[in-house]
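A.B. asks: Please work from the sequences and hints to get the whole structure.
These protein sequences, in sequence, are chains A and C. So in this note's numbering, the last one in the first sequence is 147, and the numbering has no gaps at all. So in this note's numbering, the last one in the second sequence is 147, and the numbering has no gaps at all.
Keep in mind that the hints are not guaranteed to be accurate.
The list makes no distinction among identical chains, and a pair is therefore deemed to hold if it is satisfied within one copy or across any two copies.
Unchecked claim - Straight-line Cα separation of at most 20 Å, EDC-like style, residue types lysine to aspartate or glutamate; simulated pairs:
#: 1; residue 1: K124; residue 2: D85
#: 2; residue 1: K124; residue 2: E54
#: 3; residue 1: K116; residue 2: D77
#: 4; residue 1: K26; residue 2: D79
#: 5; residue 1: K124; residue 2: D79
#: 6; residue 1: K17; residue 2: D27
#: 7; residue 1: K140; residue 2: D85
#: 8; residue 1: K116; residue 2: D79
#: 9; residue 1: K124; residue 2: E10
#: 10; residue 1: K116; residue 2: D85
#: 11; residue 1: K124; residue 2: D97
#: 12; residue 1: K124; residue 2: D27
#: 13; residue 1: K116; residue 2: D102
Hints are computed from structural coordinates only; laboratory data are not their basis. Here the structure is a predicted model, which means the values were calculated and not measured.
Protein chains: 2
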Amino acid sequence: MNASTHQTGEDIKALLKEWQQGLLAKDADRMTRHYSEHVVFYDATPPLQHHGIEAYRRSWELIFPHLPDKLDFEAYDSDITVSGDLAVVHFLNRLIDANTKDSATCGWVRVTVCFKRMDDGQWKVVHEHVSIPFDPMSGKAVFTHQI
Amino acid sequence: MNASTHQTGEDIKALLKEWQQGLLAKDADRMTRHYSEHVVFYDATPPLQHHGIEAYRRSWELIFPHLPDKLDFEAYDSDITVSGDLAVVHFLNRLIDANTKDSATCGWVRVTVCFKRMDDGQWKVVHEHVSIPFDPMSGKAVFTHQI
Numbered sequence: 001m002n003a004s005t006h007q008t009g010e011d012i013k014a015l016l017k018e019w020q021q022g023l024l025a026k027d028a029d030r031m032t033r034h035y036s037e038h039v040v041f042y043d044a045t046p047p048l049q050h051h052g053i054e055a056y057r058r059s060w061e062l063i064f065p066h067l068p069d070k071l072d073f074e075a076y077d078s079d080i081t082v083s084g085d086l087a088v089v090h091f092l093n094r095l096i097d098a099n100t101k102d103s104a105t106c107g108w109v110r111v112t113v114c115f116k117r118m119d120d121g122q123w124k125v126v127h128e129h130v131s132i133p134f135d136p137m138s139g140k141a142v143f144t145h146q147i
Numbered sequence: 001m002n003a004s005t006h007q008t009g010e011d012i013k014a015l016l017k018e019w020q021q022g023l024l025a026k027d028a029d030r031m032t033r034h035y036s037e038h039v040v041f042y043d044a045t046p047p048l049q050h051h052g053i054e055a056y057r058r059s060w061e062l063i064f065p066h067l068p069d070k071l072d073f074e075a076y077d078s079d080i081t082v083s084g085d086l087a088v089v090h091f092l093n094r095l096i097d098a099n100t101k102d103s104a105t106c107g108w109v110r111v112t113v114c115f116k117r118m119d120d121g122q123w124k125v126v127h128e129h130v131s132i133p134f135d136p137m138s139g140k141a142v143f144t145h146q147i
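C.D. replies: Okay, here's the thing in structure tokens:
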């Protein structure tokens, strides 16, 4: 990894950190500061896909009332790849109740985020995919609380 | 999009087409011809993540016996972004029974595929994420057969 690529990886980490801080503060404006107007979002819950930053923002605003007052964020097996004007990040994460240390939502989710550097030099999220697996025999989502 | 980027987008389409033809032929070797040894795969069914081309191949070999004899493949809302040595593709797709035209598995899935151009110039899939959403009230996977 050369110096320039390394710098870009650090830039992407900083954007992810800001998204995470926005989430812990339940601040959708802060979470979406680095999202493209035209982001295509595959969420863990329906619909099959969301188009646009407003739909992304609303999906979080619907979740906020169901989250505990004080949240923590755990990530695992994170990978960042950057080349040219694209960056792809994938990781497992879960939200936990900072007081009880229990999962705050559905346990561990799989997250893939794609950033694109725009003409003004700013990195924006153009695609995000968040999910949990399902059991094809029972048709039920499979929650994982420990990995 | 300049000529070089356009060419690369066509290269990626050709690799996707080969994967699709491998799937229709239930030929896991052909499907994995352009996969990295170290691919990280988030599948629609457990576990949370698979590491490596052999785990990817096995996941398909387990599905093949449950598929109808004659398959077709439908894709919708496909997007390909290429820059430097990275390419990200996302789309909705479903497998259908070519005779009945019904969904062959769980209906429409969301698919994100990340390709990386390796040192030898060959593009390889380094990450893939396939999922369907779940209903947080019932805990059940939400199958979509018509979009």
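A.B. asks: With identical chains treated as interchangeable, where does the CA-CA distance between K116 and D85 reach 20 Å or less: within a copy, between copies, both, or neither?
C.D. replies: Classified as both; 6 Å inside a copy, 13 Å across copies.
A.B. asks: Are the CA atoms of K124 and E54 at most 20 Å apart within a copy, between copies, both, or neither?
C.D. replies: within (15 Å within a copy, 34 Å between copies)
A.B. asks: From the Cα coordinates, with 20 Å as the cut-off, is the pair K116 and D77 best called within, between, both, or neither?
C.D. replies: between (22 Å within a copy, 19 Å between copies)
A.B. asks: My question is about K124 and D85: at a cut-off of 20 Å on alpha-carbon distance, are they close within one copy, between copies, both, or neither?
C.D. replies: Answer is both: 10 Å inside a copy and 18 Å across each meet the 20 Å cutoff.
A.B. asks: Is it within a copy, between copies, both, or neither that the alpha carbon of K26 lies no farther than 20 Å from that of D79?
C.D. replies: This pair counts as neither: shortest intra-copy Cα distance 25 Å, inter-copy 31 Å.
A.B. asks: Given a CA cutoff of 20 Å, do K124 and D27 count as a within-copy pair, a between-copy pair, both, or neither?
C.D. replies: within (18 Å within a copy, 38 Å between copies)
A.B. asks: For K140 and D85, with the copy left unspecified, which applies at a CA distance of at most 20 Å: within, between, both, or neither?
C.D. replies: Close neither inside one copy (38 Å) nor across copies (38 Å); limit 20 Å.
A.B. asks: When no copy is specified for K116 and D79, does a C-alpha distance of 20 Å or less occur within a copy, between copies, both, or neither?
C.D. replies: Cα proximity of K116 and D79: in one copy and across copies (16 Å, 13 Å).
A.B. asks: At 20 Å max between alpha carbons, let me know whether K124 reaches D79 within a copy, between copies, both or neither.
C.D. replies: Both ways: K124 and D79 sit 18 Å apart in one copy and 16 Å across, limit 20 Å.
A.B. asks: One pair to classify: K17 and D27, alpha carbons no more than 20 Å apart. Within, between, both, or neither?
C.D. replies: within (13 Å within a copy, 42 Å between copies)
A.B. asks: How do K124 and D97 come out at 20 Å by Cα distance, when the copy is not named: within, between, both, or neither?
C.D. replies: Answer is neither: 29 Å inside a copy and 39 Å across each miss the 20 Å cutoff.
A.B. asks: Treating 20 Å as the Cα threshold, decide for K116 and D102: within, between, both or neither.
C.D. replies: Classified as neither; 34 Å inside a copy, 37 Å across copies.
The structure fails to meet hints 4, 7, 11 and 13 from the earlier list, while all remaining hints are met.
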